[in-house]
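Chemist: If you want the building blocks of each chain, they are given just below.
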Amino acid sequence: GENVGLHLPTLSVQEGDNSIINCAYSNSASDYFIWYKQESGKGPQFIIDIRSNMDKRQGQRVTVLLNKTVKHLSLQIAATQPGDSAVYFCAELLQGAQKLVFGQGTRLTINP
Amino acid sequence: DAMVIQNPRYQVTQFGKPVTLSCSQTLNHNVMYWYQQKSSQAPKLLFHYYDKDFNNEADTPDNFQSRRPNTSFCFLDIRSPGLGDAAMYLCATSRDSRWQTYEQYFGPGTRLTVT
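Sequence order for the protein chains is A and B. By the working numbering, the letter at position 75 of the first sequence is numbered 75, and the numbering carries on one by one without gaps. Add 1000 to a position in the second sequence, counting from 1, and you land on the number used in the working numbering.
Worth flagging that the hints you see were computed from the coordinates, not collected in a lab. Please note that the accuracy of each hint is not assured.
Said to hold, decoys possible - Straight-line C-alpha distance at most 25 Å; calculated DSS-like pairs for lysine-lysine:
1. B:LYS1052 to A:LYS56
2. A:LYS42 to A:LYS99
3. A:LYS99 to B:LYS1052
4. A:LYS99 to A:LYS68
5. B:LYS1044 to B:LYS1017
6. A:LYS56 to A:LYS71
7. A:LYS56 to A:LYS99
8. B:LYS1017 to A:LYS71
9. B:LYS1044 to A:LYS71
10. A:LYS99 to A:LYS71
11. A:LYS68 to A:LYS56
12. B:LYS1044 to A:LYS99
13. B:LYS1017 to B:LYS1038
14. B:LYS1038 to A:LYS99
Input sequences plus hints: build the corresponding full structure.
Modeler: Structure follows, in structure tokens:
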């Protein structure tokens, strides 16, 4: 449905701690998921993706977990740094649809 | 570096005055997208081109049009901008096929102000 959120959920963490950002997706037939990072005034930047035949994928300092049973996606950021401050969006895509559906977004703030 | 380029980065237009935003890519991707993003909201897909095939979203106003003269370039035309059209406009590309979907690469966006 239409995303009408005017106040993004916010997560504040201490520098050096691990962050976990959660996302609930809507379509059980979605088979491809992406996490994007968007810094102020910039376009979304690809972080990591995962296909529905996997339940975990790791990148550099990031891990994505997929739970298809409850339609839940999470992004774990290890040893959070000031440069990780941004809005994080999850996005789902139905195979063949060529249309990403974005989640609401979470603003991550790093405290020194 | 291969990338998605948007020009201009900031555009000011008057209420009702047509405006065109441009996007170019050096990735040679076959799919190009235009999104509208308002403050504190997720990007909202307006339309996309799969090669030369135009795909409009059902809720995209007629005021918004697009052109893709070749693989590298795609334009967003707003025929009569209203105050509610002030937003960030994002262009994205992907190299999809009928059997596989890949991530979308976004440009830096054009911030449109309507006065």
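Chemist: Now look at each hint and say whether the structure bears it out.
Modeler: Structure-based check of all given hints:
Proximity of LYS1052 of chain B to LYS56 of chain A is assessed by CA-CA distance (about 36 Å); at most 25 Å being required, the pair is judged violated. A hinted pair counts as satisfied when its Cα atoms are at most 25 Å apart, and LYS42 of chain A with LYS99 of chain A qualifies at roughly 21 Å. In summary, the hint linking LYS99 of chain A to LYS1052 of chain B is supported, as the alpha carbons are separated by about 16 Å, within the 25 Å threshold. Only pairs whose Cα atoms come within 25 Å are accepted, and LYS99 of chain A paired with LYS68 of chain A is accepted, the gap being roughly 19 Å.
Our distance criterion of 25 Å between C-alpha atoms is met by LYS1044 of chain B and LYS1017 of chain B, whose separation comes to about 23 Å. The hinted pair formed by LYS56 of chain A and LYS71 of chain A meets the criterion: a straight-line CA distance of about 14 Å does not exceed 25 Å. Straight-line distance between C-alpha atoms of LYS56 of chain A and LYS99 of chain A comes to about 23 Å, which keeps the hinted pair within the 25 Å bound. Between LYS1017 of chain B and LYS71 of chain A the alpha-carbon distance is near 44 Å, which puts this suggested pair outside the 25 Å criterion.
For the given pair, LYS1044 of chain B sits about 21 Å from LYS71 of chain A by alpha-carbon distance, which is consistent with the 25 Å threshold. Taking the CA atoms of LYS99 of chain A and LYS71 of chain A, the gap is near 18 Å; set against the 25 Å cutoff, the hint holds. Taking the CA atoms of LYS68 of chain A and LYS56 of chain A, the gap is near 11 Å; set against the 25 Å cutoff, the hint holds. For the proposed pair LYS1044 of chain B and LYS99 of chain A, the alpha carbon gap of about 10 Å is at most 25 Å, so the pair holds.
For the given pair, LYS1017 of chain B sits about 20 Å from LYS1038 of chain B by alpha-carbon distance, which is consistent with the 25 Å threshold. Simply put, LYS1038 of chain B and LYS99 of chain A have alpha-carbon atoms about 19 Å apart, close enough for the 25 Å limit, and the pair holds.
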